[in-house]
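Colleague: Sequence:
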Amino acid sequence: MPPLAMVLALGTFMGFAVLDTTAKYLVTIGYAAVFVVWCRFVGQGLICFFLFQGWRKADLYRVNNVPLQVVRGLLLPSTTLFNFLALRDLQLAQTVSIFLTVPMFVTALAGPLLGEWAGIRRWTAIMVGFIGVLIVVRPGTDVFQPAIIWSILAALTHSLYSILTRKLAMGESQRSLVFYSCIFGMVLLAPPAFAYGELPGSLGDALLLACLGGFGMGGHVLLVKASRLASASKVAPFIYSQLLWMVLLGLIVFGDVPDLWTLVGASIICLSGFYIMNRERQIARLDRLSAQQRQ
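Going by full-length UniProt numbering, the sequence shown opens with residue 1, and the numbers climb by one from there.
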């Protein structure tokens, strides 16, 4: 893997970690989560429009599968809202540990939704990963909080969002997939954002709200650039570097120190996810070899 691709991949998930850290700060000082989410999509939508030259690129607005685009457009703002609601009460390390189950959810749901059924090895890894989740959330103890439900919902909705993205990627332009996910967030969340939002209390708060879209879009741009230099299977495991960034930022910004069991559970989740990704890469390689032999 080219060193530049590694740097870009690390920067991708650092950008997402900074986004979550900024959101946690804003919601903990009193801003409504729905208002913070809306600011994120407004900022990202404006950046998309100018970055993709929306005044001259027709493919930015072209939609071939309207129903699935609508459903996908609902899922991303839902994911962000659930995640920001969870961040209000949970440590960054807790939310990211639960969110890292997304590859497992995707593998489990890809069978009934896409016909891509997992074998016994990947299902075993999924079950091991969910043991890691139970270690992190520890239901029935004082560690378990209602906010954990928001974090689990965020992981589930993002998994569905990823599956729909995979399904739509062959028929829709990349620009439209990025742009419409922002537009749906802007439009659908505008009424509650205006109802529960408030003017920034300081210049610093205003700057942080304005930067949310930049952090999110910056992560996506770096991910695209990294994917051009290295295959997706090589870039994907870097998602687990987000755990490191979140732990560091949680310690620096909020003074949060994750306990030993959270780190143990997070490690199990990461190892399970690594195995699933590696197994899917092996299967894809075997399928390619089989197709070449048939030709």
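Hints are computed from structural coordinates only; laboratory data are not their basis.
A couple of the hints might just be wrong.
[What the hints assert, rightly or not] Pair by pair, the computed Cβ-Cβ distance ranges are:
(1) Val224 to Gly204: 38 to 44 Å
(2) Gly111 to Leu263: 30 to 36 Å
(3) Pro139 to Ser267: 35 to 41 Å
(4) Ser267 to Pro200: 15 to 21 Å
(5) Asp59 to Leu113: 32 to 38 Å
(6) Gly115 to Ala147: 54 to 60 Å
(7) Phe49 to Glu116: 32 to 38 Å
(8) Gly30 to Ile131: 55 to 61 Å
[To be verified] Dumping the calculated DSS-like pairs for lysine-lysine here, alpha-carbon to alpha-carbon at most 30 Å:
(9) Lys167 to Lys234
(10) Lys57 to Lys225
(11) Lys225 to Lys167
(12) Lys57 to Lys167
A virtual CB, placed ideally from N, CA and C, is assigned to each residue, including glycine.
Colleague: If a hint holds in the structure, say so; if it does not, say that too.
Modeller: Hint by hint, here is what the structure shows:
{"no.": "1", "hint": "Val224 to Gly204: 38 to 44 Å", "in the structure": "violated (30 Å)"}
{"no.": "2", "hint": "Gly111 to Leu263: 30 to 36 Å", "in the structure": "holds (31 Å)"}
{"no.": "3", "hint": "Pro139 to Ser267: 35 to 41 Å", "in the structure": "violated (19 Å)"}
{"no.": "4", "hint": "Ser267 to Pro200: 15 to 21 Å", "in the structure": "violated (39 Å)"}
{"no.": "5", "hint": "Asp59 to Leu113: 32 to 38 Å", "in the structure": "violated (26 Å)"}
{"no.": "6", "hint": "Gly115 to Ala147: 54 to 60 Å", "in the structure": "violated (35 Å)"}
{"no.": "7", "hint": "Phe49 to Glu116: 32 to 38 Å", "in the structure": "holds (34 Å)"}
{"no.": "8", "hint": "Gly30 to Ile131: 55 to 61 Å", "in the structure": "violated (37 Å)"}
{"no.": "9", "hint": "Lys167 to Lys234", "in the structure": "holds (21 Å)"}
{"no.": "10", "hint": "Lys57 to Lys225", "in the structure": "holds (20 Å)"}
{"no.": "11", "hint": "Lys225 to Lys167", "in the structure": "holds (22 Å)"}
{"no.": "12", "hint": "Lys57 to Lys167", "in the structure": "holds (23 Å)"}
In the structure shown, a violation is registered for the earlier hints numbered 1, 3, 4, 5, 6 and 8, in ascending order.
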